[in-house]
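A.B. asks: One letter stands for each residue in the lines below.
2 protein chains.
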Amino acid sequence: MPLPRPAFLRLPVLVLDLFLQRLQFNGCPLLRALIISRLYHRILLLRFWVGTMSARHQVFENGLEQVELLPATNDDHGGVIVEMKGSMASEVFATLLRASVSEWRRQGKKGVWIKLPIGLANLVDPAVKEGFCYHHAEPNYLMLVYWIPDTSSTIPLNASHCVGIGAIVLNDKRELLVVQEKSGIFQDTGVWKIPTGVVEEELFNLQGENLFMAAKREVKEETGIDTEFQEILAFRQSHKVFFQKSDLFFICMMRPLSFDIEKQELEIAAAQWMPLEEYADQPSTQKHKIFKYIADLCLAKMQSDYTGLSPLRITSAFNNNFSYLYLNSRDLNVSSNSSDQS
Amino acid sequence: MPLPRPAFLRLPVLVLDLFLQRLQFNGCPLLRALIISRLYHRILLLRFWVGTMSARHQVFENGLEQVELLPATNDDHGGVIVEMKGSMASEVFATLLRASVSEWRRQGKKGVWIKLPIGLANLVDPAVKEGFCYHHAEPNYLMLVYWIPDTSSTIPLNASHCVGIGAIVLNDKRELLVVQEKSGIFQDTGVWKIPTGVVEEELFNLQGENLFMAAKREVKEETGIDTEFQEILAFRQSHKVFFQKSDLFFICMMRPLSFDIEKQELEIAAAQWMPLEEYADQPSTQKHKIFKYIADLCLAKMQSDYTGLSPLRITSAFNNNFSYLYLNSRDLNVSSNSSDQS
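As given, the protein sequences belong to chains B and P, one line each in that order.
Read left to right, the first sequence gives residues 3 to 344 (the working numbering).
Read left to right, the second sequence gives residues 3 to 344 (the working numbering).
No wet-lab data here; the hints were simulated from the structure.
Do not rely on the hints blindly, as some may be mistaken.
Result set (EDC-like, lysine to aspartate or glutamate): computed pairs, CA atoms no more than 20 Å apart in a straight line [to be verified]:
#1 B:K87 to P:E70
#2 B:K112 to B:E132
#3 P:K294 to B:D333
#4 P:K112 to B:E269
#5 B:K303 to P:D307
#6 P:K242 to B:E85
#7 P:K111 to P:E85
#8 B:K117 to B:E132
#9 B:K131 to P:D127
My request is simple: use the sequences and hints to build the entire structure.
C.D. replies: The following block contains the structure:
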């Protein structure tokens with residue numbers, strides 16, 4: 003893209019002068035107010051232009067012009083990441099973005115990422131007009147992306163799944179910990195179900211939640227019962243659950259460490275220890291396959307030797323981050339260690 | 003919010019008249035061009051205003067004014083969903099949105115969703131200025147949300163996890179199907195690894211991909227080998243893998259149905275059947291815990307009686323959609339049925 007020349011600044015300056023001259027001849031207050039408002043607009047625009055030009059051109063000692071680009075860091079895959087922070091006029095951003103993409107293309111860069119905080123929503127439209135697509139969004143920011151090369155894009159996909167847990171908590175009297183919910187699809191239906199919840203990403207803590215932590219937290223939040231995580235007994239994958247996104251729901255076996263229920267007021271209408279047979283006999287348990295299998299899993303766990311997958315903490319060789327590998331530790335003859343962080 | 007009165011239209015009309023009068027006295031072509039450009043701008047603005055006012059007010063026979071709202075449908079949770087389709091000027095949208103939210107607040111609505119196709123990126127900024135936050139985005143649209151009540155929001159979270167699979171394919175000669183990748187972190191490292199890939203959401207087909215389908219597809223794509231899905235042997239949950247999002251990686255046991263390798267050119271540098279001991283002895287297998295456990299799982303599967311989780315097709319009682327429940331079918335004494343859709 004050819005860069006604008008400083009000569010372009012002459013027009014607004016000339017216009018300013020002409021307007022200033024005309025102000026002296028004008029006795030109409032309305033027109034005067036309008037012209038002053040226009041003047042102010044022009045001055046603002048001029049300030050942006052001057053800012054853009056001085057930002058974008060730095061003449062070095064060797065006489066070569068250096069074009070200033072948007073602030074960007076390289077990613078690990080031959081691309082660049084722009085994290086916009088301060089506010090910027092849309093016009094300035096559009097000009098800088100075009101010059102930057104042009105330069106990155108020359109440099110052979112691949113993917114270009116732009117992270118826009120929600121406070122800079124005015125920059126979304128200019129980025130899209132320059133050919134950027136949305137990649138993903140969180141409440142407080144939008145990530146846009148542009149693939150420069152002519153080859154097909156290798157931009158990784160956006161997160162595709164919501165993740166939830168259900169907690170099977172059985173006491174020594176063959177009773178299952180169950181709740182009735184105040185909202186959602188089972189609201190006012192009288193259905194008793196196991197405590198369930200969503201794995202929280204805790205975006206603002208910059209730390210995701212492990213499945214065993216989520217199960218322990220949800221049981222405590224909804225019923226006041228302390229538990230120890232044992233195994234993932236089963237999990238369900240469903241699709242198109244929420245705005246075309248998929249869902250993974252993990253059924254967790256928990257050992258109760260306390261027994262006195264203190265139900266949460268906000269979400270839970272009632273909570274109790276219910277004889278397993280009574281849970282299994284509910285019409286809803288017969289109707290909803292997932293409820294039926296939860297009852298079956300409880301029975302299998304109590305009566306036979308049902309084995310699930312339990313977490314083993316492993317360390318990434320790349321960054322020393324912890325993650326958890328859930329496996330059949332009995333058959334693999336290793337001991338699980340979820341308690342390290344639970 | 004008090005609605006603007008038609009009286010506000012008088013100012014631009016008056017300004018237009020004054021400008022038109024002044025044009026006759028002006029001999030300067032530059033100023034003339036500028037005034038004509040301003041006139042054009044005013045006329046456009048006037049057109050939007052008139053359009054907005056006529057769109058928003060319809061006086062019915064009974065004399066009552068009816069305020070026109072943005073097109074919206076009710077959701078199942080007491081909220082409304084606006085799916086913007088046709089283009090609209092930002093100013094018109096902002097006015098209609100403010101009136102609509104005001105009306106929905108009066109009606110006691112809860113969450114307000116706005117789905118904006120990327121072609122309507124000009125409407126992002128006005129929506130944010132009205133208090134909307136981002137909820138999620140896909141390449142071609144942005145979803146914004148606003149919680150009307152004073153109570154805390156029950157808006158469900160955005161998708162939080164990417165989902166991937168790794169495929170263990172063992173032949174009768176204790177050989178593991180392995181590949182070397184052309185890109186990614188193992189590019190040019192000489193590391194032999196099992197075929198891996200991402201579960202595809204197939205957004206445009208409006209259908210998500212099941213884990214067993216993803217494993218079968220990836221093995222076929224990368225190596226040309228046909229397989230039959232058997233079990234999930236283990237899975238790993240990691241956090242902050244990609245833009246603060248988490249990752250679930252499922253290790254799938256596959257039975258080979260063919261043996262002649264035809265490697266994919268785009269992503270795969272090499273593919274082979276490798277003796278399991280040779281795979282296990284690689285320095286990378288010792289270094290990367292997940293590689294080591296893959297070798298352990300192979301051994302456990304071949305030598306002992308390691309049991310994983312296998313898929314069982316279940317139907318939702320709500321909408322007759324299929325989903326898959328992965329469980330230890332041997333201990334639960336049920337037979338899996340992934341082949342229904344694989």
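A.B. asks: If a hint holds in the structure, say so; if it doesn't, say that too.
C.D. replies: Right, here's what the structure says about each hint:
Between K87 of chain B and E70 of chain P the CA atoms are separated by roughly 38 Å; this puts the pair beyond 20 Å, and the hint is violated. Proximity of K112 of chain B to E132 of chain B is assessed by CA-CA distance (about 16 Å); at most 20 Å being required, the pair is judged to hold. Annotation: proposed proximity of K294 of chain P to D333 of chain B holds, straight-line Cα distance about 16 Å (limit 20 Å). Restraint check for K112 of chain P and E269 of chain B: the C-alpha separation of about 17 Å stays at or below 20 Å, so the hint holds.
Proximity of K303 of chain B to D307 of chain P is assessed by CA-CA distance (about 19 Å); at most 20 Å being required, the pair is judged to hold. Pair hint K242 of chain P plus E85 of chain B holds up; C-alpha atoms about 18 Å apart against a cutoff of 20 Å. A threshold of 20 Å between alpha carbons decides the hint, and for K111 of chain P with E85 of chain P the separation of about 17 Å falls inside it, so the pair holds. Restraint check for K117 of chain B and E132 of chain B: satisfied, since their Cα atoms lie roughly 15 Å apart, inside the 20 Å limit.
Distance restraint check for K131 of chain B and D127 of chain P: the Cα-Cα separation of roughly 14 Å lies within the 20 Å cut-off, and the hinted pair is therefore satisfied.
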